[in-house]
Amino acid sequence: MRIAQVAPLYESVPPKLYGGTERVASYLTEELVRQGHDVTLFASGDSVTRARLVAPCPQSLRLEKKCRDPLTHHIRMLNLVFSQAPEFDILHFHIDYLHFPFSVRQKIPHLTTLHGRLDLPELAPVYRDFEEVPVVSISNSQRAPLAWANWRATVYHGLPENLYRLCEEPRGYLAFLGRISPEKRVDRAVEIARLAGWKIRIAAKVDAVDEKYFHKEIEPLLSDPRVEYLGEIGEREKGEFLGGAAALLFPIDWPEPFGLAMIEAMACGTPTIVWRCGSAQEVIDEGQTGFIVDSIKQAAAAVEKAVRLDRRAIRQVFERRFTARRMARDYTRIYESLLARGSPVAA
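Quick note: the sequence shown uses this note's numbering, first residue 17, plus one each step.
It cannot be assumed that every hint is accurate.
Stated by the list, open to error - Calculated lysine-lysine pairs in the BS3-like style (CA-CA distance at most 25 Å, straight line):
no.	residue 1	residue 2
1	Lys215	Lys232
2	Lys221	Lys32
3	Lys228	Lys82
4	Lys313	Lys215
5	Lys82	Lys221
6	Lys32	Lys82
7	Lys81	Lys221
8	Lys32	Lys81
9	Lys228	Lys81
10	Lys215	Lys321
11	Lys232	Lys221
Hints are computed from structural coordinates only; laboratory data are not their basis.
Can you make the complete structure from the sequences, with help from the hints?
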């Protein structure tokens with residue numbers, strides 16, 4: 017199958033450091049290539065792939081300090097995609113709704129994976145205007161605000177099986193991984209660790225929009241000797257960081273569409289303690305790969321239960337549910353359905 021994967025340009029594919037959507041696009045692209053498909057990846061020029069790379073900009077836009085208007089590069093990318101569209105059997109987009117006006121005006125089958133939150137009120141009119149566009153959710157809970165959209169399936173994210181190793185002997189700390197922002201609630205994570213009597217290590221980036229929040233709300237918490245802030249880490253450091261943790265704290269305060277960190281921890285055999293928000297109940301098997309909680313007190317109590325979980329069994333759940341091989345297989349079925357043209361609209 018000749019497949020175009022169209023990624024955002026904000027980070028390279030895969031990202032050097034933080035970046036969920038681009039990371040998933042990379043895992044999917046590489047697995048499709050491994051399975052023998054002819055894949056072209058539209059992404060920034062500093063991306064690394066075994067697919068054919070088409071780059072509308074030389075490097076990821078987060079690293080391009082002189083870039084004031086990232087939309088210009090995405091428009092150039094769309095021009096490249098649709099000028100080459102007849103070369104492909106299917107176009108797979110990971111850039112939200114940006115391409116919708118172009119996609120509906122050409123005949124090549126296309127699919128869009130929606131990676132972000134969908135509960136923003138300004139989104140509904142756009143998706144109403146383009147109800148015919150086939151879309152994929154990354155959790156069932158993500159769909160709720162746009163339940164009437166043309167959902168083809170829910171496809172959970174997956175990681176390469178050999179990306180992270182099982183670590184059966186953690187090193188006595190709790191972990192927070194991701195981004196420092198009000199909705200990610202690293203402040204809750206620190207409070208949970210304090211109440212449970214554990215050290216916490218925080219590996220997270222701070223976007224420019226969250227710098228004021230970081231300095232005002234989070235920086236004062238870092239003076240505690242049991243709180244260690246590592247800053248932003250990359251994939252090479254992530255396995256050791258997550259594998260060494262007794263548990264990952266994921267005390268989110270927003271409708272998380274998926275939560276890649278939870279399955280990254282799972283791949284290391286590390287349990288997750290997560291707030292009852294968004295995709296939590298779909299990703300975490302209660303009492304097996306972690307615990308779903310509603311309060312800081314519950315989360316602190318869950319720490320001692322989490323450290324007694326079978327880390328080998330957690331890794332086995334990852335291998336069964338959240339590999340890139342399974343993810344690519346799910347998407348291939350959808351591609352075939354779209355190419356057949358006679359498949360049912362919803363799944």
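Now the hints, each set against the structure:
About 22 Å separates the Cα atoms of lysine 215 and lysine 232, which keeps this hinted pair within 25 Å; it holds. The straight-line distance between the Cα atoms of lysine 221 and lysine 32 is roughly 12 Å, inside the 25 Å bound, and the hint therefore holds. Between lysine 228 and lysine 82, the direct Cα distance comes to roughly 23 Å. Compliance with the 25 Å bound is thereby established for this hinted pair. Taking the CA atoms of lysine 313 and lysine 215, the gap is about 17 Å. The hint holds against a cut of 25 Å.
At most 25 Å may separate the alpha-carbon atoms for a hinted pair to count; lysine 82 and lysine 221 meet this at roughly 21 Å. Restraint check for lysine 32 and lysine 82: satisfied, since their Cα atoms lie roughly 19 Å apart, inside the 25 Å limit. Only pairs whose Cα atoms come within 25 Å are accepted, and lysine 81 paired with lysine 221 is accepted, the gap being roughly 17 Å. A distance of roughly 16 Å separates the Cα atoms of lysine 32 and lysine 81; the hinted pair therefore holds under the 25 Å criterion.
In summary, the hint linking lysine 228 to lysine 81 is supported, as the alpha carbons are separated by about 20 Å, within the 25 Å threshold. As the CA atoms of lysine 215 and lysine 321 are separated by approximately 17 Å, the hinted pair is consistent with the 25 Å bound. Between lysine 232 and lysine 221 the CA atoms are separated by roughly 16 Å; this keeps the pair inside 25 Å, and the hint holds.
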